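Chemist: Using the hints, position chain B against chain A.
Residue numbers (our numbering), protein chains in the order written: chain A, 1 to 525; chain B, 1 to 186.
Think of the hints as simulated: they come from the structure by calculation, not from any bench.
Since this is a predicted model, take the numbers as computed values, not measurements.
Do not rely on the hints blindly, as some may be mistaken.
Just so you have them, the derived chain A footprint on chain B, three or more residues with Cβ under 8 Å [unchecked claim]: (1) 29-43; (2) 110-116; (3) 127-137.
Glycine included, C-beta positions come from ideal geometry on N, C-alpha and C.
So you can see what is in the structure, the chains are spelled out below.
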Amino acid sequence: MANCIVNYGFSAFILFVWMAINIFLFVYFYFFYDLGPQFFYTRHLLGSALPWARAPAAVLNFNCMLILLPVCRNLLSLLRGSFVRCSRTMRKQLDKNLTFHKLVAYTIALMTAVHTIAHLFNLERFNNSRQGLGDELSAALSELADTENTTYLNPVRITNLDPQQIPTYFAFTTIAGLTGVVITLALILIVTSSMEVIRRSYFEVFWYTHHLFIVFFAGLVFHGAGRIVRSQQRTNPPHNTTFCKDRPDDWGRIPECPIPQFAGGFPQTWMYVIGPMVIYLCERLVRFIRYMQRVRYKKIVMRPSKVLELQLIKNGFKMDVGQYVFVNCPAISQLEWHPFTMTSAPEEDFFSVHIRSAGDWTDKLIEIMKKVPEGAEGPKLGVDGPFGTASEDVFDYEVSMLIGAGIGVTPFASILKSIWYKFKDSDPKLRTRKIYFYWLCRETHAFEWFADLLQVLEKEMEERGMGDFLTYKLYLTGWDQSHATHVMVHFDKDTDVVTGLKQKTHYGRPIWDKEFEQVRIENPT
Amino acid sequence: MGKIEWAMWANEQALASGLILLTGGIVGVAGQFRGWQFAAYAVAAGVFVCLLEYPRSKRAKGTSVERTGQYCFTVCVKAFGPLTRNYYVRAFLHAAICVPGGFMLATVLGCVCLGIASLIYLAAAIRGEHWEPILPRKETRKPVAESIKNPPQNPPPRPPPEMRRKQAGDLEKSAYDNPMSVTDDE
Numbered sequence: 001m002a003n004c005i006v007n008y009g010f011s012a013f014i015l016f017v018w019m020a021i022n023i024f025l026f027v028y029f030y031f032f033y034d035l036g037p038q039f040f041y042t043r044h045l046l047g048s049a050l051p052w053a054r055a056p057a058a059v060l061n062f063n064c065m066l067i068l069l070p071v072c073r074n075l076l077s078l079l080r081g082s083f084v085r086c087s088r089t090m091r092k093q094l095d096k097n098l099t100f101h102k103l104v105a106y107t108i109a110l111m112t113a114v115h116t117i118a119h120l121f122n123l124e125r126f127n128n129s130r131q132g133l134g135d136e137l138s139a140a141l142s143e144l145a146d147t148e149n150t151t152y153l154n155p156v157r158i159t160n161l162d163p164q165q166i167p168t169y170f171a172f173t174t175i176a177g178l179t180g181v182v183i184t185l186a187l188i189l190i191v192t193s194s195m196e197v198i199r200r201s202y203f204e205v206f207w208y209t210h211h212l213f214i215v216f217f218a219g220l221v222f223h224g225a226g227r228i229v230r231s232q233q234r235t236n237p238p239h240n241t242t243f244c245k246d247r248p249d250d251w252g253r254i255p256e257c258p259i260p261q262f263a264g265g266f267p268q269t270w271m272y273v274i275g276p277m278v279i280y281l282c283e284r285l286v287r288f289i290r291y292m293q294r295v296r297y298k299k300i301v302m303r304p305s306k307v308l309e310l311q312l313i314k315n316g317f318k319m320d321v322g323q324y325v326f327v328n329c330p331a332i333s334q335l336e337w338h339p340f341t342m343t344s345a346p347e348e349d350f351f352s353v354h355i356r357s358a359g360d361w362t363d364k365l366i367e368i369m370k371k372v373p374e375g376a377e378g379p380k381l382g383v384d385g386p387f388g389t390a391s392e393d394v395f396d397y398e399v400s401m402l403i404g405a406g407i408g409v410t411p412f413a414s415i416l417k418s419i420w421y422k423f424k425d426s427d428p429k430l431r432t433r434k435i436y437f438y439w440l441c442r443e444t445h446a447f448e449w450f451a452d453l454l455q456v457l458e459k460e461m462e463e464r465g466m467g468d469f470l471t472y473k474l475y476l477t478g479w480d481q482s483h484a485t486h487v488m489v490h491f492d493k494d495t496d497v498v499t500g501l502k503q504k505t506h507y508g509r510p511i512w513d514k515e516f517e518q519v520r521i522e523n524p525t
Numbered sequence: 001m002g003k004i005e006w007a008m009w010a011n012e013q014a015l016a017s018g019l020i021l022l023t024g025g026i027v028g029v030a031g032q033f034r035g036w037q038f039a040a041y042a043v044a045a046g047v048f049v050c051l052l053e054y055p056r057s058k059r060a061k062g063t064s065v066e067r068t069g070q071y072c073f074t075v076c077v078k079a080f081g082p083l084t085r086n087y088y089v090r091a092f093l094h095a096a097i098c099v100p101g102g103f104m105l106a107t108v109l110g111c112v113c114l115g116i117a118s119l120i121y122l123a124a125a126i127r128g129e130h131w132e133p134i135l136p137r138k139e140t141r142k143p144v145a146e147s148i149k150n151p152p153q154n155p156p157p158r159p160p161p162e163m164r165r166k167q168a169g170d171l172e173k174s175a176y177d178n179p180m181s182v183t184d185d186e
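Excised from the complex, chain A in its bound form:
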């Protein structure tokens, strides 16, 4: 339980605060429109559909403000860097940016649904009042038009069309209606192309359709410009609704009841979203500037199993262990940026990425790189980053357990190399004296380069007489009968048949209780 609080407590707190703000906005604006006296006549025409439409609108304003912020990855990197003095827990929240983005997106979708349904009722009721289907008061209110001494309450002015088509006509000819339809459509397309199936298999469809958010925000900003939600204004002499509501025929004829005047509310959405829109614009600008910066090649190496290693140099590039970069190659595609974890240590004078052939873009990149002659520069590249949590905390502890599963082993290349450099240079900041490294994967195919790295480290440590600094255990979970037979036959060999390392490969998943027990025994406090 205590572990739960330590691991998830702060995230739960942030979500709680966010949810509390949402609920507060919903309830506050619901009652603002449900009880406010200036909306008395409006409510007479619309009933409770008015507050049911305005409350989600407030929640939508808040969430549309939030949605752009978690995807400004350069901003998040900046925050992470400046939080270095602050606790790790706060920095960990920045890693969950995409989860938060999706949560806010679901909220926007839900609130849009509530808002739209409530407005469907509103339009129907406005239409009915205009057609004279309500009581005398409704008819009188709907009659009010925009002339020199009256202002309208009911935005549906038209009567000489088929009454069934009036709401549709209204929706497509008013600013609020048209922008509403367009942005809801954009939202639906964004949501359907963001489903996991589409995202995982056809990322381009997801990415390009997602840019409809530009349409979304443009429409959103102008959605309230028509000011069609009207409230009653103060007149001189004042119009007493309690007295005058039963005498619509006397309006303008008796002093207590001058003709009521109405005006729409000042559109507010732009105030919420302008800040994040500017921030996001800056973010895209930064990405563009980074793209223009020159990236030089130090070395291009083809590794086994179609893995390409690129050693690159960029001015002013500073990385931390375990971070990743986005790489773009205009020769292949102008618009595609692909993330790769860096496999070099910060102590080296270059940064490297290992790229495995796993699709269109990577295949083409490997093909192009194969054709580059020895020592020449490769095609122009754009590199954005570094991003991601630095794993520098690993250097603060005497005993570290590093666990990498599958492709997640890649940051450990960076970490292990960095530990090695710090160790060689006797960096005083390095307190580590023992490392346990667990590598779990289905098969080592495509990770031979990593096995090579482990071999080199193993050799160097033997030479320095520090055989037990690094204990690594490889767990192959994808073994079958032929594997087992192969191992049985070569049981007596000194090095492992699969990796060529001194420490033998294990099969199946590790039994963590035993592992923890063993580590605890070997390292008494």
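Modeler: Positioned in the frame of chain A, the structure of chain B alone reads:
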């Protein structure tokens, strides 16, 4: 963009449109809006579209992920054969279904969304895609090789027992080297 199967996105869009059409229809009927008959139609059309689109197609390349509990729907949809297999049919069907939704505001959004899904299906059909049911794989055991079925009936030919017994008198002739090591500590 070479590997995109447009039908996958068309399917998501059509399923969403079915739900939106259904919701708009329910609102129209429950609120007794003008033209509620169109809303009632939208409820039926929405349910039909959802049922048709719920079972995901098997992908031409790569692993297909089923929706929860889609097997029954797969069987039903498969029963219609070429009508549901062909995406041209689906494109025109969705285009036709969506039209009555345009006559009432509550269902207009469902109509437009379904229209867009119809266009994406048309694109999929032009690229030659078709609907393939995802059926559970039957376990095929590896066919056993023929020779296993007929074990030999007779023992291998051996010289008669007198010759096989070790001739204690003649040590040289009866000694032999083992082809494989039979000791433990090699």
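Chemist: None of the hints should be skipped; say for each whether it holds.
Modeler: Now the hints, each set against the structure:
Check on the segment 29-43 of chain B: 4 of its residues sit with their Cβ under 8 Å from a Cβ of chain A, so the three-residue criterion for coverage holds. Only when three residues or more bring their CB closer than 8 Å to a CB of chain A does the claim for the segment 110-116 of chain B stand; here the count is 3, and the claim holds. Residue count for the segment 127-137 of chain B with a Cβ under 8 Å from a Cβ of chain A: 0. That is fewer than the three needed, and the coverage hint is violated.
The structure fails hint 3 only (numbered hints given earlier).
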